[in-house]
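Novice: What follows is each chain in one-letter form.
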Amino acid sequence: MITTSNLSKAYNNVQVLNIEALEIPKGQSFGLVGNNGAGKTTYFSLLLDLIQPTSGHIESNGVLVSQSEDWKPFTSAFIDESFLIGYLTAEEYFYFIGDLRNQNKSDVDALLAQFEDFFHGEILNQKKYLRDLSKGNQKKAGIVAALIGNPEVIILDEPFANLDPTTQIRLKGIIKDLAASKGVTVLVSSHDLLHVTDVCERIVVLEKGEVVKDLETNEATLKELEAHFSGEVIA
Amino acid sequence: MIKQFIGLEWKQFKRSSYFQKGLAIKILMFLGVLYFGGIAVFLGGIAYFALKKMLPEQDPITVVNNFLIFWFMADLLLRFFMQQLPVMNVKPYMVIPVNRPTIIHYLLGRTSIHFFNFLSLLMFLPFSVVLIVQDYPVINVICWFIAMLSITLVLNFTNFLINKSNSVFYSLLTVLASFVALKMYNIFDVTIYFGQAFNALYNMPYLVLLPIALLVVIYKLNFNYVKSDFYLDGAISQKIKEADGLELNFLNRFGKTSTFLKNDIKLIMRNARPKQVMMMSFMFLFYGLVFYTQQTYKDMPAVLAFASIFITGGFLLSFGQLVPSWDSEYYKMLMSQNIPYRQYLESKWYLMVFAVFVSFILATPYLYFGVDIYLMILAGAFFNIGVNSFITLLGGALNRVPVELNTKAKAFSNTNGFNPTQLLIGLPKMLLPMLLFYVPYKLINFNAGLLVLGLSGVLGFVFKNAIFNLIERLYQKGKYKTIAAFSEKK
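Which chain is which? The protein sequence lines are A and B, in order. For the first sequence, the numbering used here assigns the number 6 to the initial residue and increments by one for each residue that follows. For the second sequence, the numbering used here assigns the number 3 to the initial residue and increments by one for each residue that follows.
Just chain A, same shape as in the assembly (with noise of 0.2 Å):
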């Protein structure tokens, strides 16, 4: 589904991301770790063409990102706030993006009713605007909005950063299912190694922009991580 191949992205000529071959296959929950400065998000925006690479390509379902824009109508994403409309309220925001992609409001309504669950009753009906719910809240609107449209491509920066344990719980089940039963290729960064290894097939880890393990996930996978990152911590 997603073919990387040759990728870099300097800045002033240091290097912050190196990745000379990754390849994920459609349908993987595929998950991104990696200390600050990594590389994670700068990998996403490459991905969504946020950000120009400063050699190589990524190729998505056959189509160039950079080159072409038909990646996107069927990849979406939620990367920080910055996704959200502040002045809009929850469901003006989601009817909106519904709108973009080729959603009517039934079709949106339809998908959130699947999340009711998700938003613990407080996101829809609430008179705010999203930039006055908290931090956790706005992230479960931008992660449902994410959702909308049915994307074959989904990629979430570090979605569990902010919410409630019973929300966590709620998004590892939503993200298993979306790879598992639809077929979704998710794309996952995460700081905490028990959710990532809980949610993905895969994990890769990223160091100072290069891929450093890739890592089929099963039992012992989240020792390996807890001991390759502790490691790094000593030296």
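Bear in mind the hints are in silico, worked out from the structure with no lab data behind them. Backbone N, C-alpha and C define an ideal beta-carbon position, used for all residues, glycine too. Treat each hint with caution, since some may be false.
What the hints assert, rightly or not - As a list, the in silico PhoX-like pairs of lysine-lysine whose alpha-carbon atoms are at most 20 Å apart:
1) B:Lys-479 / A:Lys-140
2) B:Lys-481 / B:Lys-334
3) B:Lys-258 / A:Lys-140
4) A:Lys-187 / A:Lys-31
5) A:Lys-177 / A:Lys-31
6) B:Lys-185 / B:Lys-334
7) A:Lys-181 / A:Lys-31
8) A:Lys-228 / A:Lys-218
9) B:Lys-481 / A:Lys-110
Claimed, not checked - Restraint ranges, calculated between C-beta atoms of paired labels, are given here:
10) B:Phe-190 / A:Asp-114: 54 to 60 Å
11) B:Gly-34 / A:Leu-129: 44 to 50 Å
12) B:Phe-284 / A:Gly-126: 26 to 32 Å
13) B:Lys-481 / A:Leu-129: 32 to 38 Å
14) B:Tyr-482 / A:Asn-11: 28 to 34 Å
15) B:Ala-486 / A:Glu-215: 22 to 28 Å
Knowing the structure of chain A, use the given hints to seat chain B on it.
Specialist: Below, chain B alone, put in the same frame as chain A:
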């Protein structure tokens, strides 16, 4: 502690985004400050002589005193809009070991260093100096001057007490409007009573104690108010408005574009900054009054053409020049969404065209100045729709300054979304119509000028698609730069 606060304040000032800009902007801003400061000083200085000439039988100080009430009311109204207790500044100090009173004194004290207060100072000081030079009694003048400053500060602090309630604002507005109306229709001249009060302040210098006492009281009130409720959800909270249920379904007829159109209207209605721009553009409607009433400009039709552009183009010029900055806060999202740039831009264009149309209707009273003027406004409207709207959008492709939507622009820090490119792009918007009118006017006649001006607009309208293709390409090309600039932290 206060010393450290002042140190921090200085750093904030020096390192604020508007000083981090290029030299050109700094110079422009400096000139701007000089200009406005100069106007104030000039008005204050010349007021005495002007009044003396216009109303020779009255003492200028009396005339000024009679009108002071309007000055102060307007002052309060403006403050209500533009000035808020700078609460964000104190948040970091709430949890460190500093006495609350110290923080509150600092919080309140620093509000006295505000543009509005300086404006008053700049107006009253030169006027008072002129009075003294003109052999008015020194004690009286100085006490009067101190009284004026005290009242200014009283307003400064009153504003914070009433700032969170809209009803106060509207009642204030009503009172002011009725004062003006009553005076205009000679029913009841309220200025006399206030005038007497202000005159008394001048004639009996010891009365200066009154406004000073008032200042102390209102400061104390503010202090107590903040102190009694010094919590994030209390006195130093910021207003959170309840969401309005705006549906705007009637816009659906615009098809795909309506998605953005609806959004843009919400943007304007729900954010402080665009609301301000909206009001500004309303003021442009009155631009004609400045030019059409002056004999000097009667024989300079090119200047009149210039004015006509402004009458219908206020919104277009002031809102349009900040496309796409208005969407800077969520531009990344828009760019990763499944949208053609075209629709996004077209929505902005419709909005501007609509505004020109509304302005034109509102400009109907200009018929009073004759059909020629009115036709000129019409030609100007055509030009605005067919040419200026496109130039504005073109300029937007080069505009990479993020705008904070819900932060009101402060006077003089309004460089948020202002750069030299804008200025350069702005020139043809004003010079082109003058030229288009003036050349055929000189060569043929007045009507030919109007025709050419109007037709240029029609021409632009005809080639709308081609022009939009060009604009779209330009935006597409600058995409990465724009995204990077918009996501820069301020």
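Novice: Could you work out which of the previously given hints the structure breaks and list their numbers from low to high?
Specialist: Structure breaks hints 1, 3, 6, 9, 12 and 14.
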